[in-house]
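The listed protein sequences derive, respectively, from chains Z and V. Here the first sequence is numbered in my numbering, starting from 1 and rising by one per residue. Here the second sequence is numbered in my numbering, starting from 114 and rising by one per residue.
To be clear, the hints were calculated from the coordinates, so they are not data collected in a lab. Treat the hints with caution; some may be incorrect.
Said to hold, decoys possible - Calculated from the model, a selection of chain Z residues having no Cβ within reach of chain V, i.e. all distances over 10 Å: (1) ASN55; (2) ILE56; (3) GLY72.
What the hints assert, rightly or not - Listed below are the simulated DMTMM-like cross-link pairs for lysine to aspartate or glutamate, each with C-alpha atoms no more than 25 Å apart in a straight line: (4) Z/LYS30 to V/ASP196; (5) Z/LYS92 to V/GLU227; (6) Z/LYS30 to Z/ASP52; (7) Z/LYS30 to Z/ASP95; (8) V/LYS152 to Z/GLU70; (9) V/LYS176 to V/GLU200; (10) Z/LYS92 to Z/GLU29; (11) Z/LYS92 to V/GLU169; (12) V/LYS182 to V/GLU169; (13) V/LYS207 to V/ASP251; (14) V/LYS229 to Z/GLU51; (15) Z/LYS65 to V/GLU200; (16) Z/LYS30 to V/ASP251; (17) V/LYS152 to Z/ASP69; (18) Z/LYS8 to V/GLU169; (19) Z/LYS65 to V/ASP155; (20) V/LYS229 to Z/ASP95; (21) Z/LYS8 to V/ASP196; (22) V/LYS133 to V/GLU227.
Note that the Cβ used here is the ideal one computed from N, Cα and C, for glycine as well.
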Amino acid sequence: MRIATVGKGGSGKTTLAGTLARMLASRQEKILAIDGDPNPNLALTLGISREDAGNINFIPHTVMKLEEDEAGERVLKMTLSQSDLFQQYGSKAPDNIDLIVMGHPADGTAGSG
Amino acid sequence: MCASHRAVRGLIVELTGYGKHTVTDMEAGLEHLKRGTAKNVDMMLIVVEPYYRSLEAGMRTFKLATELKIPHLYAVSNKVRTDADREAIETFCKQHSMPIITTIPYDENLIESERKAIAPIDFNPAAPSMQAIGQIADWILTKG
Numbered sequence: 001m002r003i004a005t006v007g008k009g010g011s012g013k014t015t016l017a018g019t020l021a022r023m024l025a026s027r028q029e030k031i032l033a034i035d036g037d038p039n040p041n042l043a044l045t046l047g048i049s050r051e052d053a054g055n056i057n058f059i060p061h062t063v064m065k066l067e068e069d070e071a072g073e074r075v076l077k078m079t080l081s082q083s084d085l086f087q088q089y090g091s092k093a094p095d096n097i098d099l100i101v102m103g104h105p106a107d108g109t110a111g112s113g
Numbered sequence: 114m115c116a117s118h119r120a121v122r123g124l125i126v127e128l129t130g131y132g133k134h135t136v137t138d139m140e141a142g143l144e145h146l147k148r149g150t151a152k153n154v155d156m157m158l159i160v161v162e163p164y165y166r167s168l169e170a171g172m173r174t175f176k177l178a179t180e181l182k183i184p185h186l187y188a189v190s191n192k193v194r195t196d197a198d199r200e201a202i203e204t205f206c207k208q209h210s211m212p213i214i215t216t217i218p219y220d221e222n223l224i225e226s227e228r229k230a231i232a233p234i235d236f237n238p239a240a241p242s243m244q245a246i247g248q249i250a251d252w253i254l255t256k257g
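Use the sequences and the hints to build the structure in full.
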């Protein structure tokens with residue numbers, strides 16, 4: 001299932017996302033966690049140390065490119081393979097969770113929740 | 114739509130099937146909820162707190178997500194200190210037909226875990242807030 005947490009900054013959505021990921025993963029479910037909010041807190045709530053969280057490579061948005069398929073539809077394509085993506089940008093959290101963190105947009109209006 | 118929002122959505126699609134579940138902490142605000150989000154999200158958890166601006170923002174997200182036909186859509190009531198807090202959220206959610214999947218109490222364990230830079234689940238897995246979130250995990254596991 002693809003689960004998303006939303007809410008105002010400071011609402012606790014990041015704590016919810018990280019904890020839920022850990023709970024599902026501890027029951028032998030393979031989990032991919034995606035930090036789509038440009039703040040590093042998901043890593044911490046997953047159980048990654050502050051030091052390691054500080055060394056995470058953010059994924060630049062250029063990793064996805066708009067292309068036209070055969071039918072002329074515009075589709076988003078990944079510009080590198082899944083294994084390259086995880087090698088370059090993936091982090092490991094407890095309970096074998098994989099984490100990827102999207103890069104910060106320049107505007108800096110993100111919440112802290 | 115901003116390129117980074119688009120990239121998050123695109124990545125969720127590309128990486129679906131990588132794990133059994135993906136959990137995405139989405140950016141605060143509504144602007145990233147566009148047509149197409151429903152194709153990329155099966156379950157949306159809208160976190161609300163017991164004060165009006167939070168509830169109102171949650172309700173707007175809920176309406177939009179309903180229009181987008183996201184299959185499993187729930188409010189998560191958070192930082193609930195008193196029965197009055199709980200009732201305020203329940204009354205508001207009922208008025209707007211928002212189902213609440215769980216109620217997370219205000220929990221000092223969360224404050225303390227942050228102070229100590231330990232994940233809440235490692236700091237005290239038996240904390241009341243952890244038990245409440247566990248109900249969502251149970252729900253997801255019953256859906257496979």
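Against the structure, the hints:
1. No beta-carbon of chain V is positioned within 10 Å of the beta-carbon of Z/ASN55; the least distance is around 15 Å.
2. The claim that Z/ILE56 is not at the interface with chain V holds, since no C-beta of that chain comes within 10 Å of its own (minimum 14 Å).
3. For Z/GLY72, the shortest C-beta to C-beta distance to chain V comes to about 18 Å, beyond the 10 Å cut-off, and the non-interface label holds.
4. At roughly 37 Å between alpha-carbon atoms, Z/LYS30 and V/ASP196 are farther apart than 25 Å, so this suggested pair is violated.
5. For a cut-off of 25 Å, the pair hint linking Z/LYS92 to V/GLU227 stands: about 20 Å separates their Cα positions.
6. Among the hinted pairs, Z/LYS30 with Z/ASP52 is consistent with the structure: their alpha-carbon atoms are about 21 Å apart, no more than 25 Å.
7. Restraint check for Z/LYS30 and Z/ASP95: satisfied, since their Cα atoms lie roughly 9 Å apart, inside the 25 Å limit.
8. Distance hint between V/LYS152 and Z/GLU70 is fulfilled; the C-alpha atoms sit about 21 Å from each other, no more than 25 Å.
9. Restraint check: the Cα-Cα separation between V/LYS176 and V/GLU200 comes to about 21 Å, which is no more than 25 Å; the hinted pair holds.
10. Between Z/LYS92 and Z/GLU29, the direct Cα distance comes to roughly 15 Å. Compliance with the 25 Å bound is thereby established for this hinted pair.
11. As the CA atoms of Z/LYS92 and V/GLU169 are separated by approximately 36 Å, the hinted pair breaks the 25 Å bound.
12. Between V/LYS182 and V/GLU169, the direct Cα distance comes to roughly 20 Å. Compliance with the 25 Å bound is thereby established for this hinted pair.
13. Between V/LYS207 and V/ASP251, the direct Cα distance comes to roughly 23 Å. Compliance with the 25 Å bound is thereby established for this hinted pair.
14. The straight-line distance between the Cα atoms of V/LYS229 and Z/GLU51 is roughly 13 Å, inside the 25 Å bound, and the hint therefore holds.
15. For a cut-off of 25 Å, the pair hint linking Z/LYS65 to V/GLU200 is broken: about 47 Å separates their Cα positions.
16. For a cut-off of 25 Å, the pair hint linking Z/LYS30 to V/ASP251 stands: about 15 Å separates their Cα positions.
17. Proximity of V/LYS152 to Z/ASP69 is assessed by CA-CA distance (about 18 Å); at most 25 Å being required, the pair is judged to hold.
18. At most 25 Å may separate the alpha-carbon atoms for a hinted pair to count; Z/LYS8 and V/GLU169 meet this at roughly 11 Å.
19. Between the alpha carbons of Z/LYS65 and V/ASP155 the distance comes to roughly 24 Å, so the proposed pair stays at or under 25 Å and holds.
20. Distance check on the hinted pair: V/LYS229 and Z/ASP95 sit about 21 Å apart at the alpha-carbon level, within 25 Å; holds.
21. Restraint check for Z/LYS8 and V/ASP196: satisfied, since their Cα atoms lie roughly 23 Å apart, inside the 25 Å limit.
22. Distance hint between V/LYS133 and V/GLU227 is unfulfilled; the C-alpha atoms sit about 28 Å from each other, more than 25 Å.
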